[in-house]
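From first to last, the protein sequence lines stand for chains S and D. Count the first sequence with this note's numbering and you get residues 1 to 455, in order. Count the second sequence with this note's numbering and you get residues 1 to 455, in order.
Mixed in with the good hints there might be a few duds.
It does not matter which identical chain is meant; a pair holds if it fits inside one copy or across any two.
[Unchecked claim] SDA-like mimics (lysine to any residue), calculated; alpha carbons at most 25 Å apart, straight line:
1) Lys348 - Ala370
2) Lys20 - Gln90
3) Lys243 - Arg186
4) Lys352 - Gln274
5) Lys314 - Arg255
6) Lys271 - Ala319
7) Lys352 - Pro285
8) Lys280 - Thr359
9) Lys271 - Glu154
10) Lys314 - Ile242
11) Lys3 - Ile52
12) Lys337 - Arg50
13) Lys390 - Asp372
14) Lys337 - Gln40
15) Lys336 - Val57
16) Lys352 - Arg206
17) Lys314 - Leu31
18) Lys243 - Thr357
19) Lys352 - Gln234
20) Lys280 - Ser407
21) Lys243 - Glu76
22) Lys337 - Glu76
23) Lys236 - Val349
24) Lys236 - Asp408
25) Lys238 - Asp344
Hints listed in this document are in silico derivations from the structure and should not be mistaken for laboratory results. This one's a predicted model, so the numbers in the text were calculated from it and none came from an experiment.
Number of protein chains: 2
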Amino acid sequence: MDKIVDFINVNRDRYVSELKDYLAIPSISALPQHAGDVRQCAEWTAAHMRGIGLNDVQVFETRGNPIVYGEWLGAEGAPTILFYGHYDVQPVDPVHLWTSPPFEATVRDGELYARGSADDKGQVFMHFKAIEAHMKQHGRLPVNMKVLIEGEEEVGSGNLDDFVREHRDRLKADVVVISDSPMFDRGVPSICYGLRGLAYFQIDVRGTKSDLHSGSFGGAVANPAFVLASILAQMKDKSGRIKIPGYYDDVVELREEERQEFAKLPFNERKYRQDLGAPKLHGEPGYTTLERIWARPTFEVNGLLSGFTGEGAKTVIPAVAMAKVSMRLVPNQDPKKVGDLFEDYLKKVAPKSVEVTLTRMHGGKPWMTAFDNPYVQAAGRAIERGFGQKPVFNREGGSIPVVSTFSDELGIPCVLFGVGLPDQNAHAPDEKLDLGNFHNGVIASAYLYDEISRG
Amino acid sequence: MDKIVDFINVNRDRYVSELKDYLAIPSISALPQHAGDVRQCAEWTAAHMRGIGLNDVQVFETRGNPIVYGEWLGAEGAPTILFYGHYDVQPVDPVHLWTSPPFEATVRDGELYARGSADDKGQVFMHFKAIEAHMKQHGRLPVNMKVLIEGEEEVGSGNLDDFVREHRDRLKADVVVISDSPMFDRGVPSICYGLRGLAYFQIDVRGTKSDLHSGSFGGAVANPAFVLASILAQMKDKSGRIKIPGYYDDVVELREEERQEFAKLPFNERKYRQDLGAPKLHGEPGYTTLERIWARPTFEVNGLLSGFTGEGAKTVIPAVAMAKVSMRLVPNQDPKKVGDLFEDYLKKVAPKSVEVTLTRMHGGKPWMTAFDNPYVQAAGRAIERGFGQKPVFNREGGSIPVVSTFSDELGIPCVLFGVGLPDQNAHAPDEKLDLGNFHNGVIASAYLYDEISRG
Chain S
1 MDKIVDFINV NRDRYVSELK DYLAIPSISA LPQHAGDVRQ CAEWTAAHMR
51 GIGLNDVQVF ETRGNPIVYG EWLGAEGAPT ILFYGHYDVQ PVDPVHLWTS
101 PPFEATVRDG ELYARGSADD KGQVFMHFKA IEAHMKQHGR LPVNMKVLIE
151 GEEEVGSGNL DDFVREHRDR LKADVVVISD SPMFDRGVPS ICYGLRGLAY
201 FQIDVRGTKS DLHSGSFGGA VANPAFVLAS ILAQMKDKSG RIKIPGYYDD
251 VVELREEERQ EFAKLPFNER KYRQDLGAPK LHGEPGYTTL ERIWARPTFE
301 VNGLLSGFTG EGAKTVIPAV AMAKVSMRLV PNQDPKKVGD LFEDYLKKVA
351 PKSVEVTLTR MHGGKPWMTA FDNPYVQAAG RAIERGFGQK PVFNREGGSI
401 PVVSTFSDEL GIPCVLFGVG LPDQNAHAPD EKLDLGNFHN GVIASAYLYD
451 EISRG
Chain D
1 MDKIVDFINV NRDRYVSELK DYLAIPSISA LPQHAGDVRQ CAEWTAAHMR
51 GIGLNDVQVF ETRGNPIVYG EWLGAEGAPT ILFYGHYDVQ PVDPVHLWTS
101 PPFEATVRDG ELYARGSADD KGQVFMHFKA IEAHMKQHGR LPVNMKVLIE
151 GEEEVGSGNL DDFVREHRDR LKADVVVISD SPMFDRGVPS ICYGLRGLAY
201 FQIDVRGTKS DLHSGSFGGA VANPAFVLAS ILAQMKDKSG RIKIPGYYDD
251 VVELREEERQ EFAKLPFNER KYRQDLGAPK LHGEPGYTTL ERIWARPTFE
301 VNGLLSGFTG EGAKTVIPAV AMAKVSMRLV PNQDPKKVGD LFEDYLKKVA
351 PKSVEVTLTR MHGGKPWMTA FDNPYVQAAG RAIERGFGQK PVFNREGGSI
401 PVVSTFSDEL GIPCVLFGVG LPDQNAHAPD EKLDLGNFHN GVIASAYLYD
451 EISRG
C-alpha cells in the first residue's frame, strides 16, 4: 500500500484539476434544459471509468437519464464491492448567492467550491482515483469491483430500482459502498451504519356536509378539527412515548457499545438547542438527543389544515380537518406493519360522530448494518489509515432511499463511506468539498479495497 | 283593537304594493356603487315614517350610511318602545340564480320574492303599517314609540354604537323591539328570548426558528403541531364537557319551564342530523340538542394551520402551528372573564418546550330577557292574537350584535319579534317573505303595542 499512497500524494494536484473538468458539466437532472449536459456527463463518467482501467464500461439507457456501469473482476476468490454514486447534481438557484460560478470550480481556503463538489461527483471521483492508483501501481485491484453511477439521484432515482432488478446477476456483490454523505463533523471522520425508515400518512376527518355556523350549530355536532386534535393527542403520552399498541415491539434496542460510541461524540446540546431556536429540547425519556434522532422511532405531525386560517375571525365549525403525520422507523420496524398498527389504533380512538379516513403515503424501511459487521469494521480501519484517526460509528435520523434499494434488492450489507462535511451546502449555494478530506478520502478508499480483500 | 284589525285586513293589498316600492330600491350597503341607492332608501324610509304619523323624523348623518329616526311620544305615562330595524340589504350575486329580478318584488305562491323582503325591509314595514293602523283609527298610539332604522346592519353596524351612545337620552325607552329574525319554523311562531355570546381567540405555538427535517431532527424537539393538538385536546373531556377551570361557574342553568318549552317544539333530531350529513350528533351529556345549541356554552376549533398542507408528503417538523378557537357563551358568562380563565389554563397546560401565544380577538356578551319578563309575555300574547296560536319561547345559538348594543348601552330588555322563516334565503338568491306571516305580523305588531301599554 505504500507505493499506492505515494502515488496518490504525488498526483494530488492532478486529481483536483481533473475533478474541475468533471464539475464543469452542469448535469442538473431536475431541469429539462440540461438534458444534454446530463448525457454529456454520463459519457464523461464512462470515458473516465475506462481510463482508470475498468472493463466493459457501458452507458445504459433508462426511461430517464443513463446509468453508467463498469467493472473489474480479476481478483478471483476475493470479495466483490458494488460501488454506487451519482453524476447528476442539484439546481443552482439562487445563482446570485454563489461566491464563484457554480460550474467553474474554484479553490478558496482549501475548499473546492462548485455544484456537485461534495454531492456527489467529488466523492465518486475519490473512488475513481483510488481505483486508478491501484491499477497504475499494481495493474490490478485487491477486490472485484463493480461501479454503478446513476444520473437521477437528485430527482428520486426513479429508474434505479428497475435497473437493479433487471441486472441483479450483473450487480451481484458482497458489499455495497456508497460515498454520498457527510462525516459527523469537521475533524470527526465517521462511519454511518444505520438510517431510519419512514411511514407517512394523511388523516382526514369529516364531520358534516359543509362548514356550519358555530353559533347556530355549536354544541350539537362533533367538531372535526377538535376531534383530529384529540386523536393526534392520543398518539403520544406526556413523556413523548408513542401509544400505538405494539409500536415498539420490533424496535431493536440500542446496544450498550453503540450508546458508548455515541456518547464519545463531540456534541454540544446547548449549542444544538440554540441553533434550532428551541426553548427546550424534548424527546423520549431515557435516551440522549443523538439516541433519539438516530435510533428511536418517532411520531410527528407534519401538517394541519382545517376551517378558517386567514386573518381575523370566522365563526365556523369546519366540515373537515386534515393532518399529515409520519413516523421515523428504526430497525426492525416495518412500514407496512406499523401502518397496520396505526390504522387499528386510529379506528379504536376515532369517535363515531365523525368519519375518519387514513391514506397511506410513501414509506421506506429502516436500514442498519451491525456496526461490528466485518465490512463496517474494514471501512473503519480504512478511514483510520486515510485520516490518521479512528472514525466514530454513528447512525443518521433520515433515510437514503438508494440504501434501501440495494439492501432490499440485493440483500447485501452496505457501507456508507462519506467524507463530506455537515456544512458542505450540498443543496445550497456555495457547495464545497474540503480538499484535505478529499485527499485523505482517496487514500482511505484505496485502503478500503485492501481491507475488504483481507476479509 | 277590532277597528284596527279591520283596517289592516282591508288594506292588505295596499301594504304589499307599498312594500314593493320600498324593495325596489337596491340599498346594498356592502357595495360602494350603491351609495346613492342607500341614501335614497334612507330618504324613502324617512318620508314613509312621516307619512304614517311619526314626528320629528330625521335622517342623521354618520361616518357611514344615514340613520333614520322618528318618534311619537303622545302616550303620557305609558311605556316607551324603541323599535330597531335596518333599511340596507345584502348583495344579490350570483344574480343569475334568482327566479325573478331581486329588485322587482314578485309574488309567487303567497311569497313575496325580493332582496330585503324578509331581511329586513318587510319586517320593518310590518311595524310601519301597524303604527299607521293605530294612527289612522285612533289618531294615537297606545304607547310611546321611538323608531330607529339604520343602513349598515349588513356590514357590521359600524356606526350604531356611537349613535346610541351620543343619543342615549333621545333613545331612552322601556323595551327594545327588533323584528329581524326568523320564527322557529313555518307554522310555529316563536319569541326568541336568549342569544349566546362569543369569545374568539387565536393560539400560536412556536417550536423552532424554522421548519426542520423530520429525519434529521425528529425526536429531539417538541413538534408544535402535536403540542397544539395536545393543548386543544385538553380543553374538553371525552363527553364534551369543557375542562377550563371555572368555565361553568357563571352559567345560568336552564329552568325546568324552559326545558319543557323547548321539548314541546317540533324538532326531528334524525332529520336534523341527516340534513347536516353528520354520522352522529354529539354534545354535552345531560342536554338535548336544542338545549346544547341554545343554552349551553361551547368550545370550538374554528381553524387549524401548520406545516405542509399540500398534495403528497413533505417530511417537515413545522416551526409553528396556529389554531383559531372560540367559545359560545351563555348567560351570565362574561367574554373577558372567560378569556382570563382560558389564558390561565392554557399557560398551565402548555409545555415549556414551545412558546405559546394567545391573541384575544372579538367577543360579545350573551343576552337573555327572562322568558317570564312582562314584555316577553306581552309579545307572546300579541303573536297569539296575530297568528291565532300560542308562540313558542325559544333561544338562539348565535349572536345578534345590535341586541348587545341596546342591552349594553341602554340597559333595557329586548324583545325579538321576528316573523321570518328559516328558509327565507335571507343572504341568498330568491329571498322571500311569506305574505301570510307578514299580514299576521302587522296585526301582531299592532297588538304588541296594545299589550305593552297594558303592562
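A quick look at each hint next to the structure:
| no. | hint | in the structure |
| --- | --- | --- |
| 1 | Lys348 - Ala370 | neither (37 Å within a copy, 44 Å between copies) |
| 2 | Lys20 - Gln90 | within (17 Å within a copy, 69 Å between copies) |
| 3 | Lys243 - Arg186 | neither (38 Å within a copy, 51 Å between copies) |
| 4 | Lys352 - Gln274 | between (44 Å within a copy, 15 Å between copies) |
| 5 | Lys314 - Arg255 | neither (53 Å within a copy, 31 Å between copies) |
| 6 | Lys271 - Ala319 | between (44 Å within a copy, 18 Å between copies) |
| 7 | Lys352 - Pro285 | between (34 Å within a copy, 15 Å between copies) |
| 8 | Lys280 - Thr359 | between (33 Å within a copy, 23 Å between copies) |
| 9 | Lys271 - Glu154 | neither (31 Å within a copy, 55 Å between copies) |
| 10 | Lys314 - Ile242 | between (34 Å within a copy, 21 Å between copies) |
| 11 | Lys3 - Ile52 | within (17 Å within a copy, 115 Å between copies) |
| 12 | Lys337 - Arg50 | neither (45 Å within a copy, 80 Å between copies) |
| 13 | Lys390 - Asp372 | within (15 Å within a copy, 88 Å between copies) |
| 14 | Lys337 - Gln40 | neither (44 Å within a copy, 71 Å between copies) |
| 15 | Lys336 - Val57 | neither (38 Å within a copy, 77 Å between copies) |
| 16 | Lys352 - Arg206 | within (11 Å within a copy, 32 Å between copies) |
| 17 | Lys314 - Leu31 | between (42 Å within a copy, 21 Å between copies) |
| 18 | Lys243 - Thr357 | within (20 Å within a copy, 28 Å between copies) |
| 19 | Lys352 - Gln234 | both (16 Å within a copy, 20 Å between copies) |
| 20 | Lys280 - Ser407 | neither (37 Å within a copy, 48 Å between copies) |
| 21 | Lys243 - Glu76 | neither (53 Å within a copy, 74 Å between copies) |
| 22 | Lys337 - Glu76 | neither (42 Å within a copy, 84 Å between copies) |
| 23 | Lys236 - Val349 | both (13 Å within a copy, 15 Å between copies) |
| 24 | Lys236 - Asp408 | neither (31 Å within a copy, 46 Å between copies) |
| 25 | Lys238 - Asp344 | both (22 Å within a copy, 20 Å between copies) |
In this structure, the hints that do not hold are numbers 1, 3, 5, 9, 12, 14, 15, 20, 21, 22 and 24, in rising order.
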